[in-house]
Every structure is written in structure tokens, then in C-alpha cells.
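In terms of numbering that gives the first Met the number 0, the sequence shown opens at residue 0 and continues consecutively.
Check the hints yourself; a few may be wrong.
[To be verified] Derived DEER-like restraints, expressed as beta-carbon distance ranges:
id	residue 1	residue 2	range
1	18	57	36 to 46 Å
2	10	38	22 to 32 Å
3	7	39	21 to 31 Å
4	7	29	17 to 27 Å
5	13	51	39 to 49 Å
6	50	20	36 to 46 Å
It should be emphasised that the hints constitute simulated quantities derived from the structure, not laboratory data.
Glycine included, every Cβ here is placed at the ideal spot set by N, Cα and C.
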Amino acid sequence: MAALDLRQLLTRLSTSDPVPGGGSAAALAGAMGASLVSMVAALTVGRAEYAEADALARQ
Numbered sequence: 000m001a002a003l004d005l006r007q008l009l010t011r012l013s014t015s016d017p018v019p020g021g022g023s024a025a026a027l028a029g030a031m032g033a034s035l036v037s038m039v040a041a042l043t044v045g046r047a048e049y050a051e052a053d054a055l056a057r058q
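Build out the structure end to end from the sequences listed, making use of the hints.
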């Protein structure tokens, strides 16, 4: 399943096939959420307006 591109994965999720299923969709959504948190932290580090949160963002 890791070899599927996003379009293929979405197409397969829309069928009645049991795999990929809800667990795969939830894992993908979680990974995307974690990536967005990482992006926000990277955009926050070193900016003066977020100096209070700098140490936390670097973790």
C-alpha cells in the first residue's frame, strides 16, 4: 500500500474493498496532522513575535 500515490489511495478507499480501510485513512490523517504541526513549529522558531514559545517550538 505504501506504493500507492494519493489519487490511487483515495480511489481504493472509495471502493467496497476492505483494504485499505479506516485504519489506513486514520493513519494518513494523523501523519498529515503531525507534519502540519512540524511546519508551524519550523515557521515559529526564531521569530521575534514568538520569542516566548521559541524553546518549546525547538523541541
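Hints, verified against the model:
no.	hint	result
1	18 / 57: 36 to 46 Å	holds, 39 Å
2	10 / 38: 22 to 32 Å	holds, 27 Å
3	7 / 39: 21 to 31 Å	holds, 29 Å
4	7 / 29: 17 to 27 Å	holds, 20 Å
5	13 / 51: 39 to 49 Å	holds, 45 Å
6	50 / 20: 36 to 46 Å	holds, 45 Å
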